[in-house]
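With the hints as your guide, set chain B onto chain A.
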Amino acid sequence: MSEPTLLEEPVPQPPKAKPQGKPKLSWQMLFSVLMYGFMYFPILVLAFYSFNASRFSSNWGGFSLRWYGSLLNDSRIQGALADSLTVAITAVVISAVLGTMMAVGLAKFRFPGKGLYRGVSYLPLIIPDIAIAVATLVFLVSVAIPLSLWTITAAHIVFCLAYIAVVVSTRLAGMNPYLEEAALDLGATPLQAFIKVLLPELMPGILSGCLLAFVLSMDDLLISSFTAGGGANTLPMEIFSRVRTGVKPDINALSVILILASGVLAFASEYIRYKSTQRRLQG
Amino acid sequence: MSTTLPPSPSALPEKNPAQSSWGRRLGKLVQPLVLLAPAGLWLLVLLVLPTLLILELSLIPGFRLGQSAGGYGLGNYLDIFRPGNPYLQVILRSLYFAIGSTALTLLLGFPVAYWIAVMAPARWRNLLLVGFVLPLWTSSLLRAYAWITILRPTGLLNGILGAIGLPGQDWLNRSPAVFIGMAYSFLPYMVLILYASLEKLDKRLLEAASDLGATPRQAFWKVTVPQTLPGIAAGGLLVFIASLGDFVVPELLGGASSMTISRFIFNQFLGATRNWGLGSSLSMILIFAVSVAIALLIKYGDRDAV
Chain A
5 MSEPTLLEEP
15 VPQPPKAKPQ
25 GKPKLSWQML
35 FSVLMYGFMY
45 FPILVLAFYS
55 FNASRFSSNW
65 GGFSLRWYGS
75 LLNDSRIQGA
85 LADSLTVAIT
95 AVVISAVLGT
105 MMAVGLAKFR
115 FPGKGLYRGV
125 SYLPLIIPDI
135 AIAVATLVFL
145 VSVAIPLSLW
155 TITAAHIVFC
165 LAYIAVVVST
175 RLAGMNPYLE
185 EAALDLGATP
195 LQAFIKVLLP
205 ELMPGILSGC
215 LLAFVLSMDD
225 LLISSFTAGG
235 GANTLPMEIF
245 SRVRTGVKPD
255 INALSVILIL
265 ASGVLAFASE
275 YIRYKSTQRR
285 LQG
Chain B
10 MSTTLPPSPS
20 ALPEKNPAQS
30 SWGRRLGKLV
40 QPLVLLAPAG
50 LWLLVLLVLP
60 TLLILELSLI
70 PGFRLGQSAG
80 GYGLGNYLDI
90 FRPGNPYLQV
100 ILRSLYFAIG
110 STALTLLLGF
120 PVAYWIAVMA
130 PARWRNLLLV
140 GFVLPLWTSS
150 LLRAYAWITI
160 LRPTGLLNGI
170 LGAIGLPGQD
180 WLNRSPAVFI
190 GMAYSFLPYM
200 VLILYASLEK
210 LDKRLLEAAS
220 DLGATPRQAF
230 WKVTVPQTLP
240 GIAAGGLLVF
250 IASLGDFVVP
260 ELLGGASSMT
270 ISRFIFNQFL
280 GATRNWGLGS
290 SLSMILIFAV
300 SVAIALLIKY
310 GDRDAV
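Sequences listed follow chains A and B, in order. End of the first sequence sits at 287 in my numbering; the numbers just go up one at a time, nothing left out. End of the second sequence sits at 315 in my numbering; the numbers just go up one at a time, nothing left out.
Do not take every clue at face value.
Stated by the list, open to error - Under the rule of at most 30 Å between Cα atoms (straight-line distance), these lysine-lysine pairs were calculated in the DSS-like manner:
#1 A/Lys28 / B/Lys231
#2 A/Lys279 / A/Lys112
#3 B/Lys308 / A/Lys112
#4 A/Lys28 / B/Lys209
#5 A/Lys118 / B/Lys37
#6 A/Lys279 / A/Lys200
These are computed hints drawn from the structure, not numbers from a lab.
Isolated chain B, as found in the complex:
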């Protein structure tokens, strides 16, 4: 019975055993609760429950506020995807704007991010990056509004085009204005994420490629792009998600013919139609589309960059 065990390291610092071990055990239970419960409850009550509620509403065909519900069913979803109804068009248009502005921001943002991260002097890089994303701090509403001033028929763009003898453009309230507005809104996000990815670029591989006889173009496609692919995926998906759910740009710059999901949902709730069931099902489709994009992001994207 008297085998002497070496004292286990965890037992060593135990100064006042019985009494405080209860207190400590209680503390171990209470501390996480104190720290995590308030925020958790807030999110549960004001985010999770409401989302479950619109999931429920989306399953009540034709639900309108103040009317008795007509029982559960998939009617709203079937309506959305029924050919002949305009709703599918709205979804496709949103996808078109989102994919287009993702491609546009990638095209415009990559050279900028590359220049800041790889070519500009190292001590300027932070300043250059901050300078590029600074406009993000200003109101998205006012940034879209600024483009109205520029793009409207009697606006600055046509003033400039007219002065140099080019034909005027009528872009406002049509899709070019939406693309310009979205590219403008989301370009800083793209540059920020691509920068994070390009900053980690191993330049020795580029040197090696050029030593081995690769042209700059070959080195770019075979060395730079594969290394930054996770960043490109992350930036692309983030801009895609943001532009898919954007309300302000299509509303202010797109005009009546560019109805997107976000504006359509807005109208179902606060506009004249008041079809909450249909609006809820479109919200659920939007959430679903974004979830798919997030799943892709987690799988392929550079999670460090986001």
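Next up, chain A with everything else stripped away, as it sits in the complex:
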């Protein structure tokens, strides 16, 4: 969304304004509808079978909430959910602080080795999970740190802070750079300028970065499996150990709950983004 510059030629309006009413029926549209179906079909299938009374989920045994009921009595699932939430919330809170500081620092300062620093900050987005997982395990074992919920959290911070920094950087890049300078000129200390001017302006980016990082942390299987040791068990680890041996109807019910929850987060993230671009366009 760059602002139009003076150099840009005005776009000539096409002489015959095409009616922008209903989209024309085309094969691209039909194909796209098919692909939307492809994207949502498996999710609907899970939802459908989660209400199926039959244990053998290919047959319809009537409507039932028994699988939701069995989740309520499943202490392993609840423990795993608690572990996952502990890891995700802790990792996201710490990453929000570190990632934002990193993004601001990278935008503000020039220093020798900046390219290298930036490159390293992108690594967690690029290196496959399995390689990060293996490396972290080898490191933790070699310095004899006992594996626990906290080693999972420390490992999650690595990728969470990278994602938050990227989202915040994008927001910073589209920001008016003079606001903070103006605050400094008007006598604010750097810290005041940071808290009162920069931070509110960055907040939508930080929040949507946090939502993204939270979802990624809740979804992570490999890094958690490698850094958990025996003590901790996250939700993806629990789900994985159950579904690799076949279809489990109570997992269908869990899927529906989790999909609804992440749907809410996705909408929140899009809403924050939408609101902040609206405000920017008006302002």
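Only chain B this time, still in chain A's reference frame:
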């Protein structure tokens, strides 16, 4: 000695000279450190050092946890590429799945991205795009698991095929299931990146092409594709990287015969074999392959789109 120099612009706003200039200079040094050191240290300790450590492990042939190391050497790498050993097969299979699912997502994703970016009404575009990538927010594990329900022999697909009188398919635990699962997992990424590229398409050139007598097909290949080539490269490489390192889809949908790099490394560390040296060298090969793809992406891809 009394030549009057015009005051340099930088000297103008200096209000309280000596004292605060020291403070300011110190601040200039401390500020970047305060902002950048914590995250930098975290990444250094928990990402860079560990990666260097597996590079070291990969150079110790046959290293197993708790055993004395046998000295450095390229044995692990030589083992991987020695004909007759199954490891090369694992790498080739991963490449096959990654290239196949990249081609599949490009084939399926391009018309969708084109329709949203070029043909759909402008005010719907954002909503349509968000609607397409929304499934990305759900757990990748559960999305792969959903396909087990559909693809297994007594699953929904064969129920539907049977109902309309077609022969049943046994795709689960074979490569078709891996391709379906990967295409499903990574299609939103492809559409997202192609959309960013197609959105910038200069439609006046398409009109010009058709005015000059090009058929829609010619206009597509001569105007649209060249303009979106960086986006195609970016989307393709991103899906390639993601599918090359994917663990969940091959593990849940691929079955025992579709061992891929990621699953193989997993087994070397957490499975029965416990050959950390071999696992580390395969990790390094995976990182290397991804680095090559990234280098290509930086060279040919649309970096704005990623």
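A quick look at each hint next to the structure:
1. A/Lys28 / B/Lys231: With Cα atoms ~24 Å apart, A/Lys28 and B/Lys231 stay inside 30 Å; holds.
2. A/Lys279 / A/Lys112: holds (26 Å)
3. B/Lys308 / A/Lys112: Holds: B/Lys308 and A/Lys112 sit about 27 Å apart, inside 30 Å.
4. A/Lys28 / B/Lys209: Answer holds: A/Lys28 to B/Lys209 is near 21 Å, not above 30 Å.
5. A/Lys118 / B/Lys37: holds (16 Å)
6. A/Lys279 / A/Lys200: At roughly 20 Å apart (the allowed maximum being 30 Å), A/Lys200 and A/Lys279 satisfy the hint.
When each numbered hint is compared with the structure, no violation occurs for any of them.
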